[in-house]
Amino acid sequence: DTAVSQTPKYLVTQMGNDKSIKCEQNLGHDTMYWYKQDSKKFLKIMFSYNNKELIINETVPNRFSPKSPDKAHLNLHINSLELGDSAVYFCASSQAGTNTQYFGPGTRLTVL
Amino acid sequence: AQKITQTQPGMFVQEKEAVTLDCTYDTSDPSYGLFWYKQPSSGEMIFLIYQGSYDQQNATEGRYSLNFQKARKSANLVISASQLGDSAMYFCAMSSPRANAGKSTFGDGTTLTVKP
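For the record, the sequence lines run as chains Y and E. Those letters in the first sequence? Residues 2 to 113, by the working numbering. Those letters in the second sequence? Residues 12 to 127, by the working numbering.
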């Protein structure tokens, strides 16, 4: 059983397009995150949602908009994609009080 | 602000030997958690071990142990009896539930190569 799943695994698109990445967790966790890992492997948090409510919003362009329809899902929508958005995006989840985060397999986004 | 420092960009170890990956941290929050994650070449992030700031004992999980020295603000990962499958990138991370609403800060990572 996959605990944290992301779709798609690979995403190749043109500059200027709008794309979405979906994330689902079946662990019953109440907090979900989006991270960006750049080509140098640096991992930075982008957003965190707790019980569908945004609690962390790092300095991320407005073109990135997370959406959490329910506790088990946190989707990431990106408008007007730019070359610099090329990276691996990880979704993660945790249970409040533990903060051990379980990561999805990642989505490799390539913007041409 | 929280900060994690991993000073070893790359490490080599002989198969079956033990290796220590260094991690130092900085935070003003009295309550925090420290984590290690493994990222193999396939790309997924795998949780390895957790240490709470108030835990008296060092955390252990199988061949992984966390050498927690609170006064020195260090949380080194020790891997005993290295295996070829341990070759991967290792990230140290911390989170402070109260100060940062669970936000985690990651170090830059250490690439471990296990030699046969």
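Simulated from the structure, these hints should not be mistaken for laboratory data. Fair warning: there could be bad hints in the mix.
What the hints assert, rightly or not - Calculated pairs, BS3-like style, for lysine-lysine (alpha carbon to alpha carbon, straight line, at most 27 Å):
id : chain 1 : residue 1 : chain 2 : residue 2
1  : Y       : Lys68     : Y       : Lys23
2  : Y       : Lys10     : Y       : Lys37
3  : Y       : Lys68     : Y       : Lys42
4  : Y       : Lys45     : Y       : Lys10
5  : E       : Lys81     : Y       : Lys10
6  : Y       : Lys41     : E       : Lys14
7  : Y       : Lys42     : E       : Lys14
8  : Y       : Lys41     : E       : Lys84
9  : Y       : Lys37     : Y       : Lys72
10 : Y       : Lys53     : Y       : Lys20
11 : Y       : Lys68     : Y       : Lys45
12 : Y       : Lys23     : Y       : Lys10
13 : Y       : Lys72     : Y       : Lys20
14 : E       : Lys81     : Y       : Lys53
15 : E       : Lys14     : Y       : Lys37
16 : E       : Lys81     : Y       : Lys45
17 : Y       : Lys41     : Y       : Lys53
18 : Y       : Lys45     : E       : Lys84
19 : Y       : Lys41     : Y       : Lys72
20 : Y       : Lys20     : Y       : Lys42
21 : Y       : Lys10     : Y       : Lys68
22 : Y       : Lys42     : E       : Lys126
23 : E       : Lys126    : Y       : Lys45
24 : Y       : Lys53     : Y       : Lys10
In this text, all values refer to a predicted model and were calculated from it rather than measured experimentally.
Check: CA of lysine 81 of chain E to CA of lysine 53 of chain Y, is that 27 Å or under?
Finding: Distance ~35 Å between lysine 81 of chain E and lysine 53 of chain Y Cα, so the pair is violated.
Next item on the list: Below or equal to 27 Å on CA atoms is what counts here, so check lysine 41 of chain Y against lysine 14 of chain E.
Entry: Holds, at roughly 18 Å.
Check: Does the alpha-carbon distance linking lysine 68 of chain Y and lysine 42 of chain Y stay inside the 27 Å limit?
Finding: holds (25 Å)
Margin query: Check whether the Cα positions of lysine 42 of chain Y and lysine 14 of chain E lie no farther apart than 27 Å.
Written below: holds (17 Å)
Checklist line | Restraint check for lysine 10 of chain Y with lysine 37 of chain Y, where alpha carbons must lie at most 27 Å apart | finding: Roughly 14 Å between the alpha carbons, so the hint for lysine 10 of chain Y and lysine 37 of chain Y holds.
Note to self: For a C-alpha distance cap of 27 Å, please report whether lysine 42 of chain Y and lysine 126 of chain E respect it.
What the structure shows: holds (23 Å)
Check: Is the straight-line distance between the alpha-carbon of lysine 41 of chain Y and that of lysine 72 of chain Y 27 Å or less?
Finding: Violated, because 31 Å separates the two Cα atoms, which is more than 27 Å.
Check: Taking 27 Å as the top limit, are the C-alpha atoms of lysine 81 of chain E and lysine 45 of chain Y close enough?
Finding: Between lysine 81 of chain E and lysine 45 of chain Y the Cα gap is close to 25 Å, so the pair holds against 27 Å.
Next item on the list: Assess, step by step, whether the Cα of lysine 81 of chain E is no farther than 27 Å from the Cα of lysine 10 of chain Y, and give holds or violated.
Entry: violated (39 Å)
Notebook entry, point to check: Are lysine 72 of chain Y and lysine 20 of chain Y close enough, with their CA atoms no more than 27 Å apart?
Noted result: Distance of about 22 Å is within 27 Å: holds.
Notebook entry, point to check: Within a Cα-Cα threshold of 27 Å, do lysine 41 of chain Y and lysine 84 of chain E meet the stated pairing?
Noted result: Holds, at about 26 Å.
Next item on the list: Below or equal to 27 Å on CA atoms is what counts here, so check lysine 37 of chain Y against lysine 72 of chain Y.
Entry: holds (21 Å)
Violated hints, in rising order: 5, 14, 17, 19 and 23; the structure is consistent with all others.
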